[in-house]
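**Student:** Going down the list, the sequences are from chains A and B.
Heads up: the first sequence at position 114 corresponds to 114 in the numbering used here, and the numbers run straight through without jumps.
So the mapping is simple: the numbering used here equals the position in the second sequence, first residue as 1, plus 220.
Just so you know, these hints were derived from the structure itself, not from any lab.
Accuracy of the hints is not assured; some may be wrong.
[To be verified] Some but not every residue of chain B turned toward chain A, in silico, with C-beta under 8 Å:
(1) Leu296
(2) Gln299
(3) Gly323
(4) Tyr422
(5) Arg460
Predicted model only: the values in this text are computed from it and were never measured.
Even glycine gets a Cβ: it sits at the ideal position worked out from N, Cα and C.
Chain by chain, the residues run as shown.
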Amino acid sequence: MHQWDFASVLANTDALAVGALGTLRIFAICLVAGLSLGLLVGLGRYSQRRAFYWPATAFVEFFRNTPVLVQIIWFYFALPILMPFSISPLAAASLGISLNSAAFSAEIYRGGIQSIDRGQWDGARALGMTFLQAMRRIILPQALKRMTPALTNRAIEIFKMSTLASAIAYVELLQQAKLIASLNFNPIEAYTAVAVIFFVFLWPLVQLTYVLERRLARDE
Amino acid sequence: MTILGVSGLTKRFGANTVIAGIDLDVKKGERIAVLGASGSGKSTLLRCLNFMEMPDAGTIALDGKVIGRRESELTLVRQRIGMVFQQFNLFPHMTALGNVMEGLRTVRRMSKPDARARAERELARVGLADKAAHYPAHLSGGQKQRVAIARALAMDPELLLFDEPTSALDPELVGEVLGVIRALAEEGRTMLLVTHELGFAYHVATRVIFLADGTIHEQGTPDEVLKHPRRERTQAFLARHKEFSL
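Starting from the given sequences, assemble the full structure and let the hints guide the process.
**Tutor:** Structure below.
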């Protein structure tokens with residue numbers, strides 16, 4: 001019979017708090033970096049110019065078809081061999097997760113942009129807008145609305161992917177749980193606590209996105 | 221005075237030649253109705269004039285200056301040529317006022333109060349001052365098209381292109397849009413109008429062009445082309461139309 005020991009988890013709340021901060025930090029970095037780089041790559045995938053299309057496509061295919069964990073480990077251990085500088089766990093993990101998220105969100109952006117009626121381009125260009133003006137003022141605002149559910153999913157995915165950073169000992173929730181478990185021999189409780197904390201963070205976030213989606217839909 | 225000079229204009233889609241070497245001079249104050257069966261290249265001709273479609277051959281000159289193909293040059297040309305579409309192409313995420321202000325703000329970089337004042341004037345001109353705050357989804361087809369006309373007019377175009385502006389409208393809404401276009405005609409604006417409204421073309425146009433197989437098959441005054449067509453295909457086209465319009 002398993003002797004439940006949540007007391008020793010609760011006794012390490014401060015360690016978990018440090019971990020939570022680490023998780024939020026890497027989430028914020030990867031969310032902003034991943035989704036903005038994704039937009040650039042998505043525009044490249046949408047472009048009819050080979051100079052933009054082919055690099056963007058190669059990027060997407062490479063990062064979609066290799067595991068994030070492998071990328072993180074590779075950035076952490078291989079990059080310092082190839083480059084004359086070492087790289088922190090936060091930087092390596094952020095790089096891996098951001099590039100992976102960029103690859104996936106690029107396809108969301110491309111699909112969203114392509115879903116906008118050609119007539120919207122016509123209307124914008126007939127006024128004398130440049131490609132970028134039309135994209136920024138006319139196409140993207142409408143496309144983003146349609147992409148909101150998919151991008152929200154990406155954000156949630158990024159949040160959970162942050163746990164992969166523990167593989168290179170970046171201090172985040174899972175890493176701290178490992179630490180607590182090894183000190184108190186209570187891995188089940190420690191990891192359960194991590195799951196609960198993730199749920200507590202993510203559930204309100206998801207509810208918020210539902211509100212956002214409804215508000216966006218109302219303006220149509 | 222020639223505003224737009226078109227010479228040898230050719231456009232192909234794959235193996236299909238849609239515009240086969242059209243020459244056309246548009247003079248200031250002219251109102252040209254472009255007629256033709258579906259597939260005759262009417263819309264493509266219009267869309268080539270402001271480079272919404274890239275011509276494969278030929279030249280287009282605006283005020284005597286041949287237009288190149290660089291985007292920076294094309295955006296300047298498009299600012300001077302207004303276009304109104306069959307499907308309106310209003311921006312659904314902006315109000316009627318926002319639609320009319322958009323070109324002024326983003327392209328002309330006009331200040332917000334100035335753009336707003338100008339847009340309000342244009343909406344009033346098309347009789348929609350009271351719909352300024354409405355989104356396109358809450359406007360009728362006729363109202364949408366009038367907003368689209370106001371949007372084009374706000375840019376002070378030297379030439380207006382109308383691409384079947386009433387073809388997507390319910391019959392009872394056609395009149396209000398034609399009324400606005402007629403008022404613009406009376407102001408002496410230069411325009412090209414692709415239309416199936418032969419009666420409107422007859423009363424408003426100064427010249428009628430009949431397209432067939434991507435070439436100008438026949439052209440002349442409305443009286444010449446619509447009342448006394450000389451060529452067989454023009455006659456057949458008009459006969460088909462008259463079967464339905466009593």
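**Student:** I'd like to know which numbered hints this structure contradicts. Please list them from smallest to largest.
**Tutor:** As far as the earlier hints go, 4, 5 are violated by this structure, in ascending order.
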